[in-house]
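The whole structure should be built from the sequences, with the hints applied where relevant.
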Amino acid sequence: MGPYKLTMSQREVLEALIRLYDERRRLIKSKEIAELVNKDEGTVRNIILSLKSLGLVESKTGPTGGYMPTLKAYEIIRGIPVQLPVKLKKAGKELDIPVTTIEILDMLNPEGCRAILRVQGRIRGEINVGDKVEIGPTKIANVRIEGEVTHIDLATKQIGIKITRLISVPRIPVGEIASIGNIITIEPDATIKDAAKLMIERRVKGLPVIDSRGRLIGIITQTDIAKAVAEGRIDATVKEYMSFPVITIRSDEDIGDAIELMNLRDIGRLVVTDSEGKPIGIITRTDILKFIAGLR
Numbered sequence: 001m002g003p004y005k006l007t008m009s010q011r012e013v014l015e016a017l018i019r020l021y022d023e024r025r026r027l028i029k030s031k032e033i034a035e036l037v038n039k040d041e042g043t044v045r046n047i048i049l050s051l052k053s054l055g056l057v058e059s060k061t062g063p064t065g066g067y068m069p070t071l072k073a074y075e076i077i078r079g080i081p082v083q084l085p086v087k088l089k090k091a092g093k094e095l096d097i098p099v100t101t102i103e104i105l106d107m108l109n110p111e112g113c114r115a116i117l118r119v120q121g122r123i124r125g126e127i128n129v130g131d132k133v134e135i136g137p138t139k140i141a142n143v144r145i146e147g148e149v150t151h152i153d154l155a156t157k158q159i160g161i162k163i164t165r166l167i168s169v170p171r172i173p174v175g176e177i178a179s180i181g182n183i184i185t186i187e188p189d190a191t192i193k194d195a196a197k198l199m200i201e202r203r204v205k206g207l208p209v210i211d212s213r214g215r216l217i218g219i220i221t222q223t224d225i226a227k228a229v230a231e232g233r234i235d236a237t238v239k240e241y242m243s244f245p246v247i248t249i250r251s252d253e254d255i256g257d258a259i260e261l262m263n264l265r266d267i268g269r270l271v272v273t274d275s276e277g278k279p280i281g282i283i284t285r286t287d288i289l290k291f292i293a294g295l296r
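Read in UniProt numbering, the sequence shown has 42 at position 42, and its numbers run on one by one without any break.
Careful: at least some of the hints might be erroneous.
Said to hold, decoys possible - Restricting the straight-line Cα-Cα distance to at most 25 Å, the calculated cross-link-like pairs of lysine-lysine (DSS-like) are:
| # | residue 1 | residue 2 |
| --- | --- | --- |
| 1 | Lys93 | Lys132 |
| 2 | Lys29 | Lys60 |
| 3 | Lys205 | Lys290 |
| 4 | Lys132 | Lys193 |
| 5 | Lys193 | Lys162 |
| 6 | Lys31 | Lys60 |
| 7 | Lys72 | Lys52 |
| 8 | Lys87 | Lys39 |
| 9 | Lys193 | Lys157 |
| 10 | Lys72 | Lys162 |
| 11 | Lys60 | Lys72 |
| 12 | Lys39 | Lys60 |
| 13 | Lys205 | Lys90 |
| 14 | Lys29 | Lys87 |
| 15 | Lys52 | Lys29 |
| 16 | Lys132 | Lys162 |
| 17 | Lys89 | Lys162 |
| 18 | Lys87 | Lys72 |
| 19 | Lys132 | Lys89 |
| 20 | Lys90 | Lys132 |
| 21 | Lys39 | Lys5 |
Please keep in mind that the hints were generated in silico from the structure rather than gathered at the bench.
The structure is reproduced here in structure tokens:
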């Protein structure tokens, strides 16, 4: 990784910081790092200062302060490639402008942080100062950034943006946060009234539809129920109003993949399957938001 030749102690402390930050999603105290690496806290602080001088650590003082790794730190420790397989988007439209490097600046600035994007392709006429842009999610770091263009350098192909939203989704298997086991299903010949009653009793917003052979053939949601009620057909069968084919995701896939799939299909839940395609649970937008917010 070029000029970054870390000592064994520096690498150990940086790896510990990244591990703790990924687990707890907050600023990390030097005491926590010291406990993990079994070193004196004063020694850890000195090592962190050296890492900060290399641009690998950000810090904030005060009672709620602590340390966090920079994106460069992830690149050094985890070998994140410089070439990111992601294109710039403007107004939701993907442009033929690949982003090769994302450098985050002023991470702890209360007025908002900035980023420098190094790009390829044609910039002139495609991007202007003031444009709202999106990047990501990146395939490896799983980072998504939204911002406003503040500067364009055509010579070096660099774009400066003021970040309005930065989301880093931890790489966690869907099965770890989905509602797995005891999946609540309904048969296709059940009535809309039966489905509505079951949703109310079990406090769910969607029911996978399973045929007599145990195969997943559809899903009925509150939206489908509302449509049937509006049409005065509460005695209609579930199969008349269910959605199909069912969008599924394997339990071992990443929650970032679940988010991307939900956004792509404009749906709020996915049926979770095992390796053989058998439905074993449900994951919803709410499940993911609660997890990211630290509520689960």
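Check whether the Cα positions of Lys87 and Lys72 lie no farther apart than 25 Å.
Roughly 20 Å between the alpha carbons, so the hint for Lys87 and Lys72 holds.
So if I understand the rule, the pair passes when the alpha-carbon distance is 25 Å or less; does Lys39 with Lys5 pass?
holds (21 Å)
Has the given pair, Lys29 with Lys87, been kept, meaning a C-alpha gap of at most 25 Å?
violated (36 Å)
Need the status of pair Lys31, Lys60: alpha-carbon distance at most 25 Å?
holds (15 Å)
Starting from Lys132, check that the Cα of Lys89 is at most 25 Å away, please.
holds (9 Å)
Would the hint linking Lys93 and Lys132 be met if the CA-CA limit is 25 Å?
holds (11 Å)
Would the hint linking Lys132 and Lys193 be met if the CA-CA limit is 25 Å?
violated (46 Å)
When you check the alpha-carbon spacing of Lys205 and Lys290, does it fall within 25 Å?
Holds. Lys205 to Lys290 sits at ~17 Å (cutoff 25 Å).
Is the hinted pair Lys39 and Lys60 satisfied, with a Cα-Cα distance of at most 25 Å?
holds (22 Å)
Quickly compare the C-alpha distance for Lys72 and Lys162 to 25 Å and report which way the hint goes.
holds (19 Å)
Sort out whether Lys162 lies within 25 Å of Lys193, counting only the CA atoms.
Between Lys193 and Lys162 the Cα gap is close to 51 Å, so the pair fails against 25 Å, i.e. violated.
Pair hint outcome, Lys193 versus Lys157 [Cα-Cα no greater than 25 Å]:
Violated: Lys193 and Lys157 sit about 60 Å apart, past 25 Å.
Violated hints for the displayed structure, listed by number in ascending order: 4, 5, 8, 9, 13, 14.
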